[in-house]
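Student: All chains, full assembly: derive it from the sequences and hints.
Protein chains in written order, with our numbering: chain P, 1 to 268; chain R, 1 to 268; chain B, 1 to 268; chain V, 1 to 268; chain G, 1 to 268; chain L, 1 to 268.
Keep in mind the hints are simulated off the structure, nothing from the lab. Hints may contain errors.
Unchecked claim - No farther apart than 27 Å at their CA atoms in a straight line, the calculated lysine-lysine pairs in the BS3-like style are these:
1) B:K140 to G:K140
2) G:K258 to V:K7
3) V:K258 to B:K256
4) R:K234 to P:K130
5) G:K234 to L:K130
6) V:K258 to B:K47
7) L:K140 to B:K140
8) B:K174 to P:K130
9) P:K256 to R:K130
10) G:K129 to P:K205
11) L:K205 to R:K130
12) V:K140 to B:K47
13) G:K130 to P:K174
14) G:K258 to V:K140
15) L:K258 to V:K205
16) L:K205 to R:K129
17) R:K205 to V:K174
18) V:K174 to R:K140
19) G:K130 to P:K140
20) L:K129 to V:K174
21) G:K130 to L:K234
22) R:K256 to P:K256
23) G:K140 to L:K140
24) V:K234 to B:K258
25) G:K258 to L:K205
26) B:K174 to R:K7
27) V:K47 to B:K47
28) P:K140 to R:K205
Treat the numbers as computed from the prediction; the structure is a model and nothing was measured.
Number of protein chains: 6
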Amino acid sequence: MAQNDRKLKIMYLSPIGFDSYDSIFADMIRDCKYPNSVVHVTSLSSKVGHMDNLEYRTYNGLICTELVKAIRQASLEGFDALIVGCFYDPFLLTAREISGEMVVIGPCHSSIEIALKLSNKFSVIIGQKKWEHEMHSTIKEYGYADHLASFRSVNMNVCEFQKDHDFTSNALYKAAAQAVEDDYAESVILGCTCELGFYQQIQEKLEVPVIDPSLAALKQAEQAASLKRAYGWKPSRKWSSEAPPASDIEQFGLFKEKFEFGNRIVIE
Amino acid sequence: MAQNDRKLKIMYLSPIGFDSYDSIFADMIRDCKYPNSVVHVTSLSSKVGHMDNLEYRTYNGLICTELVKAIRQASLEGFDALIVGCFYDPFLLTAREISGEMVVIGPCHSSIEIALKLSNKFSVIIGQKKWEHEMHSTIKEYGYADHLASFRSVNMNVCEFQKDHDFTSNALYKAAAQAVEDDYAESVILGCTCELGFYQQIQEKLEVPVIDPSLAALKQAEQAASLKRAYGWKPSRKWSSEAPPASDIEQFGLFKEKFEFGNRIVIE
Amino acid sequence: MAQNDRKLKIMYLSPIGFDSYDSIFADMIRDCKYPNSVVHVTSLSSKVGHMDNLEYRTYNGLICTELVKAIRQASLEGFDALIVGCFYDPFLLTAREISGEMVVIGPCHSSIEIALKLSNKFSVIIGQKKWEHEMHSTIKEYGYADHLASFRSVNMNVCEFQKDHDFTSNALYKAAAQAVEDDYAESVILGCTCELGFYQQIQEKLEVPVIDPSLAALKQAEQAASLKRAYGWKPSRKWSSEAPPASDIEQFGLFKEKFEFGNRIVIE
Amino acid sequence: MAQNDRKLKIMYLSPIGFDSYDSIFADMIRDCKYPNSVVHVTSLSSKVGHMDNLEYRTYNGLICTELVKAIRQASLEGFDALIVGCFYDPFLLTAREISGEMVVIGPCHSSIEIALKLSNKFSVIIGQKKWEHEMHSTIKEYGYADHLASFRSVNMNVCEFQKDHDFTSNALYKAAAQAVEDDYAESVILGCTCELGFYQQIQEKLEVPVIDPSLAALKQAEQAASLKRAYGWKPSRKWSSEAPPASDIEQFGLFKEKFEFGNRIVIE
Amino acid sequence: MAQNDRKLKIMYLSPIGFDSYDSIFADMIRDCKYPNSVVHVTSLSSKVGHMDNLEYRTYNGLICTELVKAIRQASLEGFDALIVGCFYDPFLLTAREISGEMVVIGPCHSSIEIALKLSNKFSVIIGQKKWEHEMHSTIKEYGYADHLASFRSVNMNVCEFQKDHDFTSNALYKAAAQAVEDDYAESVILGCTCELGFYQQIQEKLEVPVIDPSLAALKQAEQAASLKRAYGWKPSRKWSSEAPPASDIEQFGLFKEKFEFGNRIVIE
Amino acid sequence: MAQNDRKLKIMYLSPIGFDSYDSIFADMIRDCKYPNSVVHVTSLSSKVGHMDNLEYRTYNGLICTELVKAIRQASLEGFDALIVGCFYDPFLLTAREISGEMVVIGPCHSSIEIALKLSNKFSVIIGQKKWEHEMHSTIKEYGYADHLASFRSVNMNVCEFQKDHDFTSNALYKAAAQAVEDDYAESVILGCTCELGFYQQIQEKLEVPVIDPSLAALKQAEQAASLKRAYGWKPSRKWSSEAPPASDIEQFGLFKEKFEFGNRIVIE
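Tutor: Printed below as a string of structure tokens:
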């Protein structure tokens, strides 16, 4: 996979100060990563509060400062790519600005790229109607709004998805089937990284592509890391992609303390 | 102005941990506020770093957590309206989600509303080309992109605008004149709250409306505060405007410490 | 409210040759205007026909010539701001071209500005499906179409709204509730100036902002008048905002007879 | 051309109270109309003022009431199609609402339809920059904005086009050539009905289609009239195309006096 | 109709290698063409396969090479205009590039032009949901998407429309009525050239314009041919409309064999 | 890279009947493919003519029938992914419809996906202005138009790029530098698969990402093939992605002869 001898270094960062999901993502990554990737799974520190979700813009906002610091730290540690592990792709452009030579990947963006190679219209299965506005804005900004068939909500909170797997699987399947039959979706994206572990069953029953966003992001991160290494395709630093100058960072006293991630699960 | 006996309570918050600009805004507000407004001028605490600008998305990101806390604190203190004092209108929708019954106002949004009552096309005079992408995205999301004639950059940083008033005035005038003559702008918006103190001169010379964003925001904030008091026009809390539930806030341990603003200048 | 000693001079003009509604608007204005505003409430002369509504484009067209003359006359009389009192905002750009130093305000535009400070999506409650196309075109041109949740029609004509208040209130409430529950509106705008007197009840029951367009327009007119006086923010006369030259007006024999408004109710 | 024995009845209406251009249009129509068309060339009555152009929205507004009455009168007189003879296509949707079974045609709309059968991008040659905003809005509303290469202004007023033919021809050619070479137009539309008599010379020199708007409108009107007669393709009266009910017209006292056109030139 | 003595020469080309529909179109054309048109009705040769429809993009693709050759051949034979007789308007821009001085007309484009002179919103009645995506893309590219009320499918295949006329008429009527009543269409377009022979009945019952696409295309082709002859309004060959140079055609060995159409029905 | 034992099977298909470029692509692929990919490099048969480019829509059209047959044949041969090797991404949706379980990849689409992970705005360096319209339409349909900074043409034909490498490199560099400096591109895409072999030099000098479209497509194809194998993410066959039914193919006599590719270079 790579023309280099050292392995690709990837971080999967849950942008919340709550690490109970880490092992779930780690299990998936252990199964699915390429052999020459090393993936660190971690969360923000608990300074941001113990939210188990980012369902509200407020929660997004509360983790933002730590996220910026985390991104910069990961880039200093030489990660090739980093996944901001939430389907809102929170602060993706911000993260990309301060990421140095590291490529930053969002699950929403990654999932859509895969869905649109396999179909012309996709739907997103979300937990709460509340999420739709922010996600829709993001999808519009990416340019994919004309390919969006619908959002479908299962009326569940993030923390509920992993509680009763049969219940969740059933709820997601039902919403996905409605998206296909009533909204004319040709593929389905599970619109929360915590909707992990369900895509296969639904895909088999529905017979359309069903995209898991964490897995999609992992694969796009590995691809981006590989391309960066092999062909020098690393982040632009021109115009809107320009990073803060070192002199400013010095003068403003930014990033003085080393950022500490939460516990890391390292998957070699 | 109001049917209530107590005065309208407004906060002008510079979303940076740097309070040297506060007195400049305070002077303008003292001159321009309505008699029945009380305005508190303040900044974030210095925890966010000593940035004197938000020119980079990174700096926006670094202040975000404190901003969210500040918004909530202001709402608890009973402010009727709050101005996020930066032309990026940083995190406006986030701030509005957590603002309780307080209306949150952005200088960019406020300026455009005024410009488009007086003309069909406006230009924005910015300091650096770098700012354009983020501002343009914001203006698109508001819906005003078709009314935007152009951005024109004067190649100055935020901290330079107040250093040599003649130089700045000249640079802004020149860019504004080009916007009118070459880009067919019919009005001009000064695209940084630190471009304060220049609109009148330029307006007189150019003979088109020239909008000062801090002043625009002050006036829209007073208006919003007044309407809230008189007619109950306070923030919606439905759908995408829903606020985090108290139970979550409790459970996640959010907002436990009282947020402390920087020094306040209180203008009665 | 103003730094000038003389009062702000505002006209509320019903753009129809039918003055029976004037007293209804006058009552609202008497209750709601700022102390330093003087508001003249009036209609066009009866030359335009005795229409009690502008539901058809034809009726809009029939009042247009008189409206242009009225706008110019009001500007000559020194009004600071004028409200074209119909939710179609008929001929707003035309009126603004010939308004001299007077700011022209539309109820639709005003209402949306208020709604979007309090919510991310609004619906408009109209009388007849027929109205939707013209209003939708207007909202698209303003740039607000992406924030529009829906139109909801109550199947009533303009002249019916003020006949049986309980019936109307009930009909408007029902449509507004459907807009919120089924179309995911976060705020509601009453889409006809004759839907006057109902916003409060509905707002209390629905618990989302409900905007009355006449009141919204009054407040925006007072604001615009005040800003014009204090900061010189008066209409641009560049490019598409250029007014007809005096020489043309002379040569073409335009505006030779003084325009006579209908009866005026003057509210000091 | 028609399956009926009586001739198609078309009106070319200059929407101004100034009939000096009528003979110019009449000459063109005499040369170009189909044998089975009868065309009446006329103007509005002088009540609207003696404007020789509609360059300002104000002038558009001043003729609107008479225009509405004229449209209705023409429809009562049994015209099959009517051309509103100005490139602004002023009040086209209004005219279509009250036109009964008569089809209303606009020169701008007609010209674009022809240009886009022959090319993928067109430019419009206008007299004054002032015209652009209104025309651009119209073209956006039609849906053709993505096919518009540019507007190019020759800095002439409407009344000047027919004064010195060589001068005008030269100015139009120069602007058209720039549109093709610099703006990548593939066809050119002369953006004023008074730019009559020049398309052929320019077309020969430029070797791209150059569309004359009066001629385009004549041909589309004849086509529309013919289709109406032969296939019953007459105006819809559903939804936004619904016409005012007769009972309203009666009740409001509209159209009581017979509308009198200016002098007519009848071309059989 | 024309200032030339020889008749307008038009081709109606069914872009499939299946000529059983030819006589149906020929019958309509015989009834409806102008006296001075000669129309050749034909299909592609059977090399493309014996498809009786183009419902799939694959079928479109399979006929494309022959279509290009056919277009060029028709242009060499001196046709003034050619109709690509399928509502997908397949490869319209491609056909226009290689058409020399011949104007190429599409039934979809033609129908919309007629519908939008008579109404503000149209619906399209299609056979299968499958067709919608491709047609919608085409309509977006034309610029008409904002005027589209809906697609309505009757769940029939192309080859079924002409089998049981009562059944088809009924199905089309029902869908059209739903488009008008539920989707607020003001006019209806029959979205397949094989929906021929039904517009009149439906139009009479529905009382809105119902457009037959083959007939619409015939009329637009005659109009385009006539304008080309009389005014030199022939295809642009600039920029994106540039045709392949003769030297390339020679060098690449293109179009070496004369293209043979299927049988032709010639209607004088 | 894969959890399967057999290698990923990829086809790089030049959609022209001219195989002189094959070895150039083969050389790049040999250097850059992942070890577990097998790539077949080939062209269409010479039936389509000996075009060395697809610069004109006509040439696109001429290869379309063969392309459809080739796609189906490749899918029958068990390829996991296929690249249509031209930056126009010709007939991408068509190819995807008939591709069975094979994923079809376009160089334009692939390049943009990579560029937008590394920057917010990209420019495309094309050979001729002529290409722009078709590519721009494609980019609009993908949804990426708002991220497009500009097209820049070097005024060269496809066949010239590989003739004098220094000349080409220089021309591409100059255009790319203008795109960055004057059009504010943050990354650059080489807009022709024959602009192969230049990205590295330009990237080093310009210090922004420069994307080679063939290489981008190769990598996206390998990724897509891998995801298909591992997670079942294969093409949707619902709604607009539905493939022609076998019964139709049988009945219409399609694909009866086995499609023969040109010579293949097989890279293991």
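Student: Indicate, hint by hint, whether the structure satisfies it.
Tutor: Okay, the hints, checked on the actual structure:
Distance check on the hinted pair: K140 (chain B) and K140 (chain G) sit about 17 Å apart at the alpha-carbon level, within 27 Å; holds. Distance hint between K258 (chain G) and K7 (chain V) is unfulfilled; the C-alpha atoms sit about 44 Å from each other, more than 27 Å. At roughly 25 Å between alpha-carbon atoms, K258 (chain V) and K256 (chain B) fall within 27 Å of each other, so this suggested pair holds. For the proposed pair K234 (chain R) and K130 (chain P), the alpha carbon gap of about 19 Å is at most 27 Å, so the pair holds.
For a cut-off of 27 Å, the pair hint linking K234 (chain G) to K130 (chain L) stands: about 19 Å separates their Cα positions. Simply put, K258 (chain V) and K47 (chain B) have alpha-carbon atoms about 15 Å apart, close enough for the 27 Å limit, and the pair holds. Between the alpha carbons of K140 (chain L) and K140 (chain B) the distance comes to roughly 21 Å, so the proposed pair stays at or under 27 Å and holds. Note on K174 (chain B) and K130 (chain P): the hinted pairing holds, with a Cα-Cα distance of about 23 Å set against a maximum of 27 Å.
Between K256 (chain P) and K130 (chain R), the direct Cα distance comes to roughly 25 Å. Compliance with the 27 Å bound is thereby established for this hinted pair. Under the criterion of a C-alpha separation no larger than 27 Å, the hint pairing K129 (chain G) with K205 (chain P) is consistent with the structure, at around 22 Å. Annotation: proposed proximity of K205 (chain L) to K130 (chain R) holds, straight-line Cα distance about 22 Å (limit 27 Å). A C-alpha spacing of about 34 Å is found between K140 (chain V) and K47 (chain B), which places the hinted pair above 27 Å, so the restraint is violated.
Restraint check: the Cα-Cα separation between K130 (chain G) and K174 (chain P) comes to about 23 Å, which is no more than 27 Å; the hinted pair holds. Restraint check for K258 (chain G) and K140 (chain V): the C-alpha separation of about 44 Å exceeds 27 Å, so the hint is violated. A hinted pair counts as satisfied when its Cα atoms are at most 27 Å apart, and K258 (chain L) with K205 (chain V) does not qualify at roughly 52 Å. For a cut-off of 27 Å, the pair hint linking K205 (chain L) to K129 (chain R) stands: about 22 Å separates their Cα positions.
Taken as a hint, the K205 (chain R) and K174 (chain V) pair is broken in the structure, with Cα atoms around 34 Å apart against an allowance of 27 Å. Restraint check for K174 (chain V) and K140 (chain R): not satisfied, since their Cα atoms lie roughly 36 Å apart, outside the 27 Å limit. The straight-line distance between the Cα atoms of K130 (chain G) and K140 (chain P) is roughly 25 Å, inside the 27 Å bound, and the hint therefore holds. For the suggested pair K129 (chain L) and K174 (chain V), the alpha carbons sit about 22 Å apart, so the restraint of at most 27 Å is met.
For the given pair, K130 (chain G) sits about 19 Å from K234 (chain L) by alpha-carbon distance, which is consistent with the 27 Å threshold. For a cut-off of 27 Å, the pair hint linking K256 (chain R) to K256 (chain P) stands: about 25 Å separates their Cα positions. For the hint linking K140 (chain G) to K140 (chain L), the alpha-carbon distance of about 10 Å falls within 27 Å, and the restraint holds. Note on K234 (chain V) and K258 (chain B): the hinted pairing is violated, with a Cα-Cα distance of about 42 Å set against a maximum of 27 Å.
For the suggested pair K258 (chain G) and K205 (chain L), the alpha carbons sit about 51 Å apart, so the restraint of at most 27 Å is broken. At most 27 Å may separate the alpha-carbon atoms for a hinted pair to count; K174 (chain B) and K7 (chain R) exceed this at roughly 36 Å. At most 27 Å may separate the alpha-carbon atoms for a hinted pair to count; K47 (chain V) and K47 (chain B) meet this at roughly 13 Å. For a cut-off of 27 Å, the pair hint linking K140 (chain P) to K205 (chain R) is broken: about 40 Å separates their Cα positions.
Of the numbered hints stated above, those contradicted by the structure are hints 2, 12, 14, 15, 17, 18, 24, 25, 26, 28, listed in ascending order.
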